[in-house]
Amino acid sequence: MNEVYLMLLLPVGCGLLGFLIKRLRNEMGFLGFIVTFYFALRIFLIFHNKTFAYSIASIAGIDFRIYADNLTRFILLFNSVFALLILLYSIITMRKSRGEDVYQLYLGLTLSGANGVVLSGNLFLMLIFWNMLVFALYGILLVGKKESVNAARKALTIVGVSDFILMLGIIIVYTIAGSANFPAEPLLSLNNGVMISAYMLLLVGAIAKAGAMPLHTWIPEAARVVPASTMAFIPACIDKLLGIYFLVRISYYLFDITQSLPVRMTLMSIGAITIVFAVMMALIQKEAMRLLSFHAVSQVGYMVLGIGTGIPLAVAGGLFHMINNAIYKMCLFLCAGSVEYRARTSELDHLGGLGTKMPLTMLCFLIAAFAISGVPPFNGFYSKWMIYQGIIELYKETNLWIIFLVAAMFGSVLTLASFLKMLHSLFLGERPKELDKVREVRFGMIVPPLILAFLCIIFGIFAEQIPLARLIYPSLPFFKIEPIGFWSAGLTTVLMLLGILIGLIIFIFGTALKPRKSKVFVGGEVLDTEEARITGPNFYSSVHNIDMLEKTYRFGEEGAFDFYNYLQGIFGGFGTLFREVINKFFVLVYNAFANIIISLGYVFSAVHNGELPGYLGWIFLGAIFIFILLAL
Amino acid sequence: MIFLPLLIALPLFSAFVIPLLSKLWKPFAPVIGNITTFVLFIFSLYGIAAIQGFPMLVYKFGNWPPPIGIIFSFDAFSAFMVFVISIIVFSGALFATKYLNHYTGQWKFWTLYMLLTTGLMGISVTGDLFNMFVWIEISAIASYALVSFGIEAEELEASLKYMVMGEIAGMTLLLAIALIYAKTSTLNLADIALSFQTIQYSKFYWSILALLLFAFSVKAALVPFHFWLPDAHPAAPAPISSLLSGVFIKVLGVYTSARFIFNIFGLTRENAPFFFNILVGIGLLSIVYAGITALSQKDYKRLLGFSTISQVGYIMLGLGIGNFYGIAGAVLYILAHGISKALLFLTSGSVVYVTGERNIEKLGGLGESMPTTAWSFRFGALSLIGLPPLIGFFAKFLIALGAIKQGFLWLAIVAIGFSGVTLGYLLKIENNVYLKKNGVEAKEAPFLMRVAMVFLVILLLVLGIGYKPLMDFVIQPATDALLRGTEYINLILGGI
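Chains as they are written, first to last, in the working numbering: chain D, 409 to 1040; chain U, 43 to 538.
Isolated chain U, as found in the complex:
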């Protein structure tokens, strides 16, 4: 179980080593960054293997028992999140190695990148509320800095707006933590859940839930809390956009809210249908609003940003449906959308790297000159739309199935129907950037960048074709971990 603290210690260590060593020799930074992310990827696979057959692994710092000491709790949902994070972080690091030729002060990028990774890993495995808040702030602050990494006017403005809105959410979270601590005198998540059982459905309980839902919705960029995202994601360097869209908002927004709703607050569709309907509503609003808005965008990355908001809506929809299929669909969607959207942002980075242009109307004909990029884009897009046998199909299919089983046939129809809008805005990029002839001179992106994209394409295919083992070993245990509800308390506090 030593790998649990290593998940955090390793990137944190790299973050501190990079500034020191890169003074000696510049390429240390990317080398260390790549090695770290690769090792994390191996760890994540090990984590999935380690969690098979165990409902929960607990690591106690200094061997203090849970309510007193700080713990890391690692169940199948955490393992799943770590897996997603490490995939995206690994491909992003590979891509950034070459992509950063545009920028100066590369070691700063790598330090921040490692810190961001640390924060994401920390959120996924921590079992302590304040600890979680710290990791959220670490990754958020790293992301503010990374968004403004280009230090042009546009980037700084985007970063400022992002920071203001992000910190409003952060402070709301802190307020909620303070209130919880005042009421329950504990910060251990399982202990809080235990205390909440006595005050279930009280005014206080619902107020805390509202505060948390607000904070996490801002982090997850759900409509109408999404305003920072369409500015921040395009402004960031492409590997960071890919990380932010692919996994950042899901860890800070979706993972946290799912953890709280199911395991801490112990809500299910049976005991709180009203609350779950709100989730469905928020999800639906995001899907519709952001999907339609994406149609009118002209900026490659901004369009993808709106697409992200719309797709996160699907995840919330799946959680809101609240039966096994809906939640499994949402969990799978985190993975499917993470990989596809990371891939799409990497292709945008590749196009920007070669042509220096983000306005899709000024691009054209890149399908011939940049075949790998173009085909990567097509695969990512097809997965996002939900074409079998790519992994995106199964996610959408499970969500629709869940909706039908829950009696929301119309919801399934809307969810599937909005694939048409997804198709619409992705075709807009395909037509303008890759098909239309516009005489834009370009050559294929450098080797490492192509490797990063092809890695993700292969994952899309392999996970889609290997849907059955993926479902058996990763998705189903993760879904069970959520559906286990307040059983979570016993798993952490009751022995081990």
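The shape of chain D in the complex, shown without the other chains:
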């Protein structure tokens, strides 16, 4: 029990102490996060196959309770592991930069809030923690370049509006089911319109938290202006863990979506659309962070798609993909952040050829990029493969399975394509002259990506033995999951290692890192080779220029898919209405009222003329009045 409270209090408490005692900030942060990790580990070991519910308060019939089971302990563990890695990384990158003093406080607040969300056994309690996270998100987004104010405001609006929608959903659930506790017993069935709408409202909340389309727009906007560690921690990791956690909770612990095909189709459509559109936007980006942020959106699609199928294997795959995605996406963001830290730019046009200068960073980036693209034997492949298998299983229920499968595979291909581009732009190709002095980053910045890359490999090769058997399958106790098809990690790994070895030999003895140079001939004009450097960002400009797609892209870049812009327009209209019509009326009424009160004040204070006899007169009048009332 005490562990649970400590999970909530320690991170934010130590963050606060560090904020107050500046000299001990890093020590406090580390202490808090390490002890949190220790307790997360203890909870992980204690609550194996056990559930635990404890009511902290019961107010107005709402039972605010804490609930822990296999799913909880698994998310809790990863929350604290990732937070620890980010802290390690951010201590170096944030040194002497704007907002350094509050950064760890917000990290702590985020971790506390995230732990709280996961530990809540009641939707209302969860909402409270989620609001705490909104506050932390707003604060942490403000730490960054000046323009981060806009991104923070956008995030606040989108997440805040989704919170209201979520609240509506929770109230409907509470009204109908009589309890907002989960897991619900028995599970609520989606057999009437009200229940479906309640589920949909909760779904909006979940996908807004997870950052799926169309509620993703603050993520790419924030990408350019906030530190890499922020991007790696919140949109890439915590938001995914919590959003998908919540999706699993509402889909399989509160409602039972396996009963309702239309609901699942909606979910899968959201997933498929997110995969394809976000990855297509990612393909044409020219800035490292922004490119990665679109992938952060795109990957959510797989998880939503997997969980939406209702096929046990794919649900497990979705959950597995969630944790895999957090691992490799954090690694990618941190590597890109390291490059930005050293090169002082993240514009792909101005980067290139850093592979020889930053070999470890490149190695991590390479592994994570393979993992996200779904190349075996890395972890991303395994979870995607489970999701594909699940989608194929759908053929019994609907004929549309083929569309989802194609969308998922198409997204995977485009992901690989965009990472080839990014790999080339960052680490291969010709290096601009001004980057000659770039060095490998310091120890503290290289350790987190290395650990994450290592996890990518472990979770890929030993997928069945470690993550699935220990983490994922126990979290979904109501499913009996039987692997379909055949996949031998061992053989493939050997083959892959062989391939990599050959590639490495070519890489070392070949010319991959030494770009081929030849004279450029443009009709007599002599060009400097620096000017004629081939950079990565335009790899796919031919895709960009396809007639129909070009328009779509233009709309996309202009923000036509941005629900925030529409919201702004609507509220702007309301604002004008209020300002011009309703406000004027109220101002009139208010002014009249205020004037009356204030002039009354002057009348009253005129009684206080400073003359003692007058005062005494009033006092005696009062005394007489009291006597008449009481004694006569």
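Don't take every hint at face value.
Unchecked claim - Quick list of in silico lysine-lysine cross-link-like pairs, DSSO-like style, CA-CA up to 30 Å:
#: 1; chain 1: U; residue 1: K470; chain 2: D; residue 2: K430
#: 2; chain 1: U; residue 1: K479; chain 2: D; residue 2: K992
#: 3; chain 1: D; residue 1: K554; chain 2: U; residue 2: K479
#: 4; chain 1: D; residue 1: K992; chain 2: U; residue 2: K470
#: 5; chain 1: D; residue 1: K554; chain 2: U; residue 2: K478
#: 6; chain 1: D; residue 1: K992; chain 2: U; residue 2: K478
#: 7; chain 1: U; residue 1: K140; chain 2: U; residue 2: K245
Since the hints were derived computationally from the structure, they do not count as laboratory data.
The model shown is predicted, which means the values in this text are computed figures rather than measured ones.
Dock chain U against chain D, hints included.
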């Protein structure tokens, strides 16, 4: 139980030692003053701990049994009052240490300050009517002298008016005491209560109540008996204003009237609804009248003075509602308003200390140059308005809850609605003094003054967040002590 007489003996002793020792070395006066108030603060905490589980502690002077000898009776309500007094007195002394640089003859200030403290403590713990009168007069006379401490024309005039009106109340009280003694031949409070049970609801009974209500209303500065306050409070040095507004009027006016109404006269809303409606009326009149008048003030401290009258109205309103929530709200309000208003007066003192100016229209832009003062003001103001999680919120909330439970929905609406007026006049200070740019040169107040303000801000927060234990250990026992009514007699006379 030895701490009971020590509560009075200690400040009284300091009051006499200060003139002697400060001849030797000047800083003795503030040092002794601060140590004394700090020890009192510790005592008050001990008192709260000591009263847990006991309805009443009685200290008999010379071991004479109650109706014959003089006693100190200490129940949870007394413990609560001692707690409030010691908080305000402690922070005021801390603040005064530096603030008095403006004045000459500092040891006189400290002597009077100690006497004032003695009187307040005495009123809270005494179980004897004439004893109470003496303590009231001691603290009142000390306060007349302290109001005129600056001996400028304005201060002397204010003090004179205050003295005349205060003594009218004092003499009325003496008249009431004489009448009571003539009728009951006793001065012990519990014994008087016992005698009153035989003549309950007679003409005499109501007349005495009217006399006492009048006297205590003047002391509590309820409208229309408030005229001395807007003059006296601004004229006094800031720590004294803070003491007068924060706790003085509450001990002399509210504590005494509550003690008499509930424990001596044995009135409850059930047996005397008419009387309780009068209390509600007086409270409401104070809230409305003084709140609106405060809006038109231009003097920082005078505005706060009117605000005090308005806020004391809330306390009377809570007592007048008369059910558990109303009374608990009133008790909590004594604490909440005591701390917030003391804090606000200290900020005014800090502004006056630095700029020498009290007219808010001539001030401006101090929010940047005096951040601690400005933020202290904001916290005090927010608590006064009733913003959670500061302690002021819970007090107002309980009063409104009590009103609703008693069937006075409109009363709850008015009480909460007048928070808007409170907000209005406090914003007037915020805008004029701390926000508006006016090119007033200023630097932050000295360290000790800031410590005093921050101490009160922390209390506002801590008590607000720790509302539950505060309620369990302090407020609820105090409320129960009042609601126990004439059970009070048995607790004092029946054994122990």
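| request: Verify the proposed pairing of K140/U with K245/U, using a straight-line Cα cut of 30 Å. | output: At roughly 53 Å apart (the allowed maximum being 30 Å), K245/U and K140/U break the hint.
| Keeping to a limit of 30 Å between CA atoms, is the pair of K479/U and K992/D held or broken? | holds, 28 Å
| said: Please verify whether K554/D and K478/U have alpha carbons no more than 30 Å apart. | reply: holds, 27 Å
| said: Please verify whether K992/D and K470/U have alpha carbons no more than 30 Å apart. | reply: Holds. K992/D to K470/U sits at ~23 Å (cutoff 30 Å).
| Straight-line Cα separation of K470/U and K430/D no greater than 30 Å? | Judged against 30 Å, a Cα distance of about 36 Å means the pair is violated.
| field | Pairwise hint evaluation, K479/U against K554/D, where the allowed Cα distance is 30 Å at most | value | OK: K554/D and K479/U at ~26 Å, within 30 Å.
| task | Compare the distance between the alpha carbons of K992/D and K478/U with 30 Å, and conclude whether the hinted pair is satisfied. | result | holds, 26 Å
Taken one by one, the earlier hints fail for this structure at numbers 1, 7, listed in ascending order.
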